[in-house]
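**Student:** As you go down the protein sequences, you meet chains P and C in turn. Take numbering that gives the first Met the number 0: the last position of the first sequence gets the number 263, and nothing is skipped along the way. Take numbering that gives the first Met the number 0: the last position of the second sequence gets the number 386, and nothing is skipped along the way.
Because the hints were derived from the structure by calculation, they are not lab data. Mixed in with the good hints, there may be bad ones.
[Said to hold, decoys possible] No farther apart than 35 Å at their CA atoms in a straight line, the calculated lysine-lysine pairs in the DSBU-like style are these: (1) C:Lys107 x C:Lys74; (2) C:Lys296 x C:Lys317; (3) P:Lys175 x C:Lys74; (4) C:Lys76 x C:Lys151; (5) C:Lys151 x P:Lys175; (6) C:Lys285 x C:Lys317; (7) C:Lys76 x P:Lys175; (8) P:Lys175 x C:Lys285; (9) C:Lys171 x C:Lys296; (10) C:Lys346 x C:Lys27; (11) P:Lys48 x C:Lys296; (12) C:Lys151 x C:Lys167; (13) C:Lys104 x C:Lys130; (14) C:Lys341 x P:Lys175; (15) C:Lys285 x C:Lys167; (16) C:Lys74 x C:Lys130; (17) C:Lys107 x C:Lys171; (18) C:Lys296 x C:Lys341; (19) P:Lys175 x C:Lys28; (20) C:Lys171 x C:Lys130; (21) C:Lys74 x C:Lys104; (22) C:Lys317 x P:Lys175; (23) C:Lys171 x C:Lys129; (24) P:Lys48 x P:Lys223; (25) C:Lys296 x P:Lys175; (26) C:Lys27 x C:Lys167; (27) C:Lys27 x C:Lys151.
[Unchecked claim] Here are the in silico distance ranges between beta carbons for each label pair: (28) P:Arg91 x C:Pro37: 55 to 61 Å; (29) P:Gln102 x C:Lys366: 53 to 59 Å; (30) P:Tyr97 x C:Asp56: 27 to 33 Å; (31) C:Gly69 x P:Gln93: 26 to 32 Å; (32) P:Arg91 x C:Glu182: 35 to 41 Å.
[What the hints assert, rightly or not] Reference listing, derived: stretches of chain C covered by chain P, where coverage requires no fewer than 3 residues with Cβ under 8 Å from a Cβ of chain P: (33) 66-79; (34) 353-366.
Glycine included, every Cβ here is placed at the ideal spot set by N, Cα and C.
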Amino acid sequence: MRRSRFPIAMTAVVMAFLYLPIIILILNSFNPARFSSRWEGFSLVWYAKLFESPEIWQAVRNTLIIAVSVTAVSVVLGTAAAYALHRFGASRLQRVHYTLIYQPLVVPEILMGISLLMTFVAVGVPLGLFTIFLAHVTFCVSYVAMTVLGRLQDFDFSVIEAARDLGASSWQSTRKILLPMLMPGIVAGALLAFTLSVDDFVITFFVAGPGSTTLPLRIYSMIKYGAPPMINALSTLLLVVTLTAVLLSQRLANRRSGAVKSTG
Amino acid sequence: MAEFLEFRGVSKRFGTIQAVSDVSLEIKKGEFFSLLGPSGCGKTTMLRVAAGFEEPDAGRVFLDGQDITGLPPDKRKVNTIFQSYALFPHMTVRDNIAFGLAIAKRPKSEIRTEVDRMLELIRMADQAGKKPDQLSGGQKQRVAVARALINKPDVLLLDEPLAALDLKLRQKMLIELDIIHDEVGITFLYVTHDQAEAMSLSDRIAVMDNGRIEQVGAPAEIYESPRTSFVAAFIGDTNFLEGRVHDCLDRDYCRLAIAGLPEIFCFNDKVLQPGQPIYLSIRPEKIHISHDRPEEKSRRNYLPGIIEDVIYLGSNTKYWVRVGGYRIQVLRQHDRYFLDEKPLRWKDECWIWWHADDGFMLDHFRKADEGLLAVPPQSVGEPINGK
Numbered sequence: 000m001r002r003s004r005f006p007i008a009m010t011a012v013v014m015a016f017l018y019l020p021i022i023i024l025i026l027n028s029f030n031p032a033r034f035s036s037r038w039e040g041f042s043l044v045w046y047a048k049l050f051e052s053p054e055i056w057q058a059v060r061n062t063l064i065i066a067v068s069v070t071a072v073s074v075v076l077g078t079a080a081a082y083a084l085h086r087f088g089a090s091r092l093q094r095v096h097y098t099l100i101y102q103p104l105v106v107p108e109i110l111m112g113i114s115l116l117m118t119f120v121a122v123g124v125p126l127g128l129f130t131i132f133l134a135h136v137t138f139c140v141s142y143v144a145m146t147v148l149g150r151l152q153d154f155d156f157s158v159i160e161a162a163r164d165l166g167a168s169s170w171q172s173t174r175k176i177l178l179p180m181l182m183p184g185i186v187a188g189a190l191l192a193f194t195l196s197v198d199d200f201v202i203t204f205f206v207a208g209p210g211s212t213t214l215p216l217r218i219y220s221m222i223k224y225g226a227p228p229m230i231n232a233l234s235t236l237l238l239v240v241t242l243t244a245v246l247l248s249q250r251l252a253n254r255r256s257g258a259v260k261s262t263g
Numbered sequence: 000m001a002e003f004l005e006f007r008g009v010s011k012r013f014g015t016i017q018a019v020s021d022v023s024l025e026i027k028k029g030e031f032f033s034l035l036g037p038s039g040c041g042k043t044t045m046l047r048v049a050a051g052f053e054e055p056d057a058g059r060v061f062l063d064g065q066d067i068t069g070l071p072p073d074k075r076k077v078n079t080i081f082q083s084y085a086l087f088p089h090m091t092v093r094d095n096i097a098f099g100l101a102i103a104k105r106p107k108s109e110i111r112t113e114v115d116r117m118l119e120l121i122r123m124a125d126q127a128g129k130k131p132d133q134l135s136g137g138q139k140q141r142v143a144v145a146r147a148l149i150n151k152p153d154v155l156l157l158d159e160p161l162a163a164l165d166l167k168l169r170q171k172m173l174i175e176l177d178i179i180h181d182e183v184g185i186t187f188l189y190v191t192h193d194q195a196e197a198m199s200l201s202d203r204i205a206v207m208d209n210g211r212i213e214q215v216g217a218p219a220e221i222y223e224s225p226r227t228s229f230v231a232a233f234i235g236d237t238n239f240l241e242g243r244v245h246d247c248l249d250r251d252y253c254r255l256a257i258a259g260l261p262e263i264f265c266f267n268d269k270v271l272q273p274g275q276p277i278y279l280s281i282r283p284e285k286i287h288i289s290h291d292r293p294e295e296k297s298r299r300n301y302l303p304g305i306i307e308d309v310i311y312l313g314s315n316t317k318y319w320v321r322v323g324g325y326r327i328q329v330l331r332q333h334d335r336y337f338l339d340e341k342p343l344r345w346k347d348e349c350w351i352w353w354h355a356d357d358g359f360m361l362d363h364f365r366k367a368d369e370g371l372l373a374v375p376p377q378s379v380g381e382p383i384n385g386k
């Protein structure tokens with residue numbers, strides 16, 4: 000009996016459609032040719048150029064400042080929100096709370112960008128790193144909360160009672176039992192928040208001010224004024240960073256070993 | 000000995016459900032005390048009130064004379080073994096057991112020797128480095144016991160600790176728990192829905208239903224002289240007969256008039272007057288059965304009947320015997336009473352009899368409790384092959 004070739008052909012087409020542009024980009028980043036896409040041999044010249052550009056370093060610095068602070072703040076707020084949602088989730092107010100937290104995951108980015116910009120202008124906050132930070136926190140909190148909530152949903156709270164029973168105070172049982180057991184979820188949420196912050200373009204575009212250009216914004220403006228192949232190198236580096244973070248976050252989110260199983 | 004753990008008028012409501020209503024209970028020092036009842040009877044709520052996980056709506060809890068009602072769980076000298084074990088999955092067996100002492104900031108060397116002693120007690124010294132999910136159910140159970148005992152609590156609370164284990168392991172752990180109780184000599188408050196567990200381990204049992212205590216007493220007392228139809232039907236199996244007091248023969252015995260049956264002799268431990276309505280409980284294994292009418296002795300009740308069903312259970316056989324309007328359950332080890340007798344079969348005529356002391360008059364009867372009894376088949380067909 001002959002197996003149909005259709006599934007394998009379909010898979011190949013989809014994979015090509017998804018990944019061919021990225022592969023071309025990566026290959027071009029090692030191509031020394033300036034204007035043509037003709038392969039002129041392997042070279043790291045664009046990477047070297049990249050490291051000489053002060054504008055790009057400024058953008059990298061901005062991006063990292065924002066990403067790190069956004070991650071720190073949204074992990075704390077998101078974890079707290081997830082805990083509150085899980086522990087007191089039955090009331091109607093909490094269902095409203097859940098919907099509010101879930102919103103940024105479904106609202107179009109452009110809408111969030113415009114509404115945030117209008118708010119900042121109305122309140123009179125000068126646009127800059129701080130407004131980008133606030134904007135990123137608003138949606139990163141939701142992602143962290145959802146990741147941690149997933150972990151809380153199969154958390155057996157009798158271990159917290161056991162800790163209290165054995166003499167731990169409320170704070171001790173949180174620090175020694177709850178947080179270590181939630182840690183994979185929290186770290187996964189943190190990596191997700193970091194990634195989202197690093198490569199967010201649309202919202203950042205609306206709320207950025209002078210001197211607060213982030214990496215995605217810088218790349219966009221470089222393309223607008225001609226596309227130096229430097230961008231290929233920069234995009235490749237960005238790809239490596241975000242891909243690593245996403246993979247790590249998925250691995251941690253799926254690692255439900257020990258933490259939950261043994262209590263069942 | 001004086002009461003050690005005392006519940007005084009404890010009530011607890013969850014939403015519209017009254018989990019515990021006005022329960023008072025006194026548990027003595029060193030006692031193995033069980034709370035026995037069906038699920039939802041309030042026994043676990045009582046345990047959680049003692050542990051400090053739930054605050055009662057009304058009533059107080061005393062431990063060794065001190066009011067502990069408002070104390071948080073970490074301030075009570077009481078430790079719990081949870082049904083799900085609730086071991087800390089991110090810690091090794093050693094760290095799990097050491098948790099209580101580590102929280103109390105005891106010196107490292109002391110913690111080490113104490114944990115070693117506990118590992119010895121539960122015979123798991125070679126497993127100290129393992130994580131909980133590498134352990135079997137029985138091993139997890141033992142770690143939970145060690146973790147709770149290391150704090151040297153005044154009372155150990157056990158919430159259905161054997162429910163998650165299979166039958167053979169449960170029997171083994173039952174013996175181990177008994178040994179541990181004897182060794183450490185602290186008070187155990189044991190919550191279970193399994194009457195066999197409660198009967199075999201406890202010094203005393205409180206039978207609970209619907210948030211109230213039905214009866215408190217030693218296992219034999221609960222079984223042999225149940226006060227209510229619930230206790231009689233929930234623990235073991237029984238027959239209920241409804242009637243009136245006919246007359247009192249002397250201070251100890253009376254005769255009962257029960258519709259459709261001859262007069263029944265019964266031990267009279269209550270002050271009863273002729274004409275008073277009564278409910279009699281008689282356990283199936285107290286009733287004898289044979290083909291021939293046995294030699295009559297005093298203070299015995301002899302009733303003729305027809306066997307309507309026979310259920311062979313291996314260690315014994317259950318008969319449903321039609322006597323008047325009743326279907327009486329009889330449990331016997333042998334299917335013949337005299338050696339030369341032919342075995343008891345379906346549709347056979349037979350005699351059943353019991354001693355007046357084995358019947359027990361209930362203080363309180365509720366029709367619904369009959370539902371707890373093993374239900375006999377309502378209609379009986381014809382015997383196969385005309386046997």
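**Student:** Does each hint fit the structure? Answer for all of them.
**Tutor:** Here is how each hint holds up against the structure:
1. C:Lys107 x C:Lys74: Given pair Lys107 of chain C, Lys74 of chain C holds - Cα atoms ~22 Å apart, limit 35 Å.
2. C:Lys296 x C:Lys317: holds, 25 Å
3. P:Lys175 x C:Lys74: holds, 18 Å
4. C:Lys76 x C:Lys151: Roughly 8 Å between the alpha carbons, so the hint for Lys76 of chain C and Lys151 of chain C holds.
5. C:Lys151 x P:Lys175: holds, 22 Å
6. C:Lys285 x C:Lys317: holds, 12 Å
7. C:Lys76 x P:Lys175: holds, 21 Å
8. P:Lys175 x C:Lys285: At roughly 57 Å apart (the allowed maximum being 35 Å), Lys285 of chain C and Lys175 of chain P break the hint.
9. C:Lys171 x C:Lys296: Answer violated: Lys171 of chain C to Lys296 of chain C is near 44 Å, above 35 Å.
10. C:Lys346 x C:Lys27: With Cα atoms ~52 Å apart, Lys346 of chain C and Lys27 of chain C exceed 35 Å; violated.
11. P:Lys48 x C:Lys296: Violated, at about 115 Å.
12. C:Lys151 x C:Lys167: holds, 29 Å
13. C:Lys104 x C:Lys130: Between Lys104 of chain C and Lys130 of chain C the Cα gap is close to 23 Å, so the pair holds against 35 Å.
14. C:Lys341 x P:Lys175: Distance ~71 Å between Lys341 of chain C and Lys175 of chain P Cα, so the pair is violated.
15. C:Lys285 x C:Lys167: holds, 29 Å
16. C:Lys74 x C:Lys130: holds, 28 Å
17. C:Lys107 x C:Lys171: holds, 34 Å
18. C:Lys296 x C:Lys341: Within the cut-off at roughly 23 Å; holds.
19. P:Lys175 x C:Lys28: Since the Cα atoms of Lys175 of chain P and Lys28 of chain C sit roughly 33 Å apart, the hinted pair holds (cutoff 35 Å).
20. C:Lys171 x C:Lys130: holds, 23 Å
21. C:Lys74 x C:Lys104: holds, 15 Å
22. C:Lys317 x P:Lys175: violated, 56 Å
23. C:Lys171 x C:Lys129: holds, 22 Å
24. P:Lys48 x P:Lys223: Given pair Lys48 of chain P, Lys223 of chain P holds - Cα atoms ~19 Å apart, limit 35 Å.
25. C:Lys296 x P:Lys175: violated, 72 Å
26. C:Lys27 x C:Lys167: holds, 31 Å
27. C:Lys27 x C:Lys151: holds, 17 Å
28. P:Arg91 x C:Pro37: 55 to 61 Å: violated, 33 Å
29. P:Gln102 x C:Lys366: 53 to 59 Å: Because 56 Å falls inside the window, the suggested range holds.
30. P:Tyr97 x C:Asp56: 27 to 33 Å: holds, 30 Å
31. C:Gly69 x P:Gln93: 26 to 32 Å: Holds - the Cβ-Cβ distance for Gly69 of chain C and Gln93 of chain P, about 28 Å, lies within 26 to 32 Å.
32. P:Arg91 x C:Glu182: 35 to 41 Å: Cβ of Arg91 of chain P to Cβ of Glu182 of chain C: about 52 Å, so the range 35 to 41 Å is violated.
33. 66-79: Three-residue rule met by the region 66-79 of chain C, so holds; n is 6.
34. 353-366: violated (count 0)
Hints 8, 9, 10, 11, 14, 22, 25, 28, 32 and 34 from the earlier list are contradicted by this structure; the remaining hints agree with it.
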